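There are 2 protein chains.
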Amino acid sequence: MKKFDIAKSKRLRSTPYTSRIENQGVTAYSVYNHMLLPAAFGSIKDSYNHLKEHVQVWDVAGERQVEISGKDSAKLVQLMTCRDLSKSKVGRCYYCPIIDDKAGLINDPVILKLGEERWWISIADSDVILFAKGLAIGKKLDVNIFEPNVDILAVQGPKSFKLMEKIFGTKITEMKFFGFDYFEYAGAKHLIARSGWSKQGGYEIYVQNTKSGLSLYDKLFEVGKEFDVKPGCPNLIERIESALLSYGNDMDNDDNPFECGLDKYVNLDSEVNFLGKEKLKEVRKKGITRKLMGVIIEAKDINVSKSISLTNDENSKIGELRSGIYSPHFKKVIGIAMLDKPYCEVSQKIKISINDVVFEGKVCDLPFI
Amino acid sequence: MKKFDIAKSKRLRSTPYTSRIENQGVTAYSVYNHMLLPAAFGSIKDSYNHLKEHVQVWDVAGERQVEISGKDSAKLVQLMTCRDLSKSKVGRCYYCPIIDDKAGLINDPVILKLGEERWWISIADSDVILFAKGLAIGKKLDVNIFEPNVDILAVQGPKSFKLMEKIFGTKITEMKFFGFDYFEYAGAKHLIARSGWSKQGGYEIYVQNTKSGLSLYDKLFEVGKEFDVKPGCPNLIERIESALLSYGNDMDNDDNPFECGLDKYVNLDSEVNFLGKEKLKEVRKKGITRKLMGVIIEAKDINVSKSISLTNDENSKIGELRSGIYSPHFKKVIGIAMLDKPYCEVSQKIKISINDVVFEGKVCDLPFI
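Protein sequences, first through last, are from chains A and B. Residues in the first sequence are numbered consecutively from 1429, following my numbering. Residues in the second sequence are numbered consecutively from 1429, following my numbering.
Among the hints, a few may not be true.
Pairs count within a copy or across copies, as identical chains cannot be separated in the list.
To be verified - Cut-off 27 Å, straight-line C-alpha distance, at most; resulting in silico cross-link-like pairs (DSSO-like, lysine-lysine):
#, residue 1, residue 2
1, K1594, K1777
2, K1567, K1707
3, K1473, K1430
4, K1647, K1430
To be clear, the hints were calculated from the coordinates, so they are not data collected in a lab. Just so it is clear, the structure is predicted and the values come from calculations on it, not from any experiment.
Full structure from sequences and hints, please.
So, in structure tokens, the structure goes:
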């Protein structure tokens, strides 16, 4: 596959860590929320192997925050998600599909409840702030909405716990998954959550004090030497094996949460009021017509830069591949595909044309591992 | 400056023309509205010289459309912009700042009035569709909002008129600036506007029928041979010389239209109702505290990947450079900067540090040419 340079500009914002990761050998960027997101430090396979064994520090400042505070903040946040947040607790993170009035997905952020009237929506790649502003203006809600100056550092991998303990003490190892708390470093308080976009364990540090954050960045690499720390980024192999869905890749505004297998985050029988509730009740009643599933393909390489049709033995289109990569674990290409309902059966055979060569494969459940 | 690959994925959508421009030698991409936007075909200077003399075809599918139709469509469109559209005409394009209730810029699209109850907002790089949906839901407006399948081809440069005449006949040369009309090609009707993101003249073809559009793409290169047609893209040198502002680079949500010199698109004395009107009246009364101006710098090269501080002789910060490039015409670096009001005077001296070397420069009016 041909390679192309990314044309940098202020519009594709750099992060406070950009100069550091460029000195550390970043080789490719994606763009996420109008910001540079590192996509590779050389081989993605090597980085995958390293992530599963050791610990990595990721510049994921592109995961921007939408801060919503004020008297009506809980009402607005609930309006945007089909997950019931009425019993949500301060100090916890919640994975929440955000949907519009037609139940089409707009984003799938993690929402942090900072206080009864203060929330951070830690967004995937779409301008949720504009949706929130539009709703708040239209409904005359008493809220304050803005993008705070938060640049997340993720510390991911099995050795992340030991590394973070060395810096922040044992208290940080006692934090439960999707909990968050505040920790001091270099004169600043950092919100740290036990979360991150891998299934290898770890933390996300919501850096608000840039100076302290940069010092912490360097400290992580200094202290991390004994744990073989390396710079990294969300890893395409690992995230597909783990079925961490990517908004814009695996799902978008034309999909509803049921089609994306997000059923457990859809609380239709609750009392809470959210957009698309009636529409989702209809969908539940009628049943979905397609669904995100895994596929395993008998191929050694793939580049998915747009959706690729999947066909059955009769050469009829039965779905589309939306993400895919060669998995060293399975020694095959694995991917995430939207499949028509009749074909959402494990072991259903599929065919796919990659660079004009037809490969065979089969449907499987998500996650792969 | 180091170069980095762009990591392609479905989330950074390819366009129908991507495979063609890759065969034609595109070397760099930007990302615009979650889509690949070509940023260079080799030397930007060579492309600049060519654009000013001949004709180029640009894949600007990243200029996405937000279609708003229905009984309340005019009301919603007007609500989002400070430009008075009450006398707008079907068949015309309107450059319109879109602002929020605090008068902060959200986008600066060209709005096409397709019918009394049907509009296209041809957007710069932010998800205006989410703002429109939020407002429509909140205000219970009777509208239909979606992103139609439109992939714009721009034909730009002084010879664009002759090239387009050869394909579409003399009628197309009679179109006025910012007018649009429909033209047949290969069995499909294409909306073509006399517009484009350069000051060298030309057209934008709003391709809805992809098959016909691809055939037209090839035809433009076939017929264009005699006019020395080349593939191209928005040119950083040309657009800065012409002061075509770029949302996300030169201005963003922290700026209001007056600060960006967009006064003639702010109609505060009209009867129309739009967001931020009271706020803008306040701004007009108090006066602005900073403004976008041109700067000419005694340097031979610059890369602006984030804003760069500008200082005065006393080393106090007096503004920031937001875009900049070496101009072959001026044989100096030129740029667009937000300057504190006391320093918005033509010939005001400025200093700027580029790669740790301090350069001198001065303030000037926009546009440069």
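Status of each hint after checking the structure:
For a Cα distance limit of 27 Å, the shortest separation of K1594 from K1777 qualifies neither inside one copy, at 49 Å, nor across copies, at 51 Å. Proximity of K1567 to K1707 under the C-alpha cut-off of 27 Å is found in both arrangements, the shortest distances being 20 Å within a copy and 19 Å between copies. Taking the closest pair of Cα atoms, K1473 and K1430 come within 27 Å of each other both inside a single copy (19 Å) and across two copies (23 Å). Taking the closest pair of Cα atoms, K1647 and K1430 come within 27 Å of each other only across two copies (26 Å); inside a single copy the shortest separation is 37 Å, beyond that limit.
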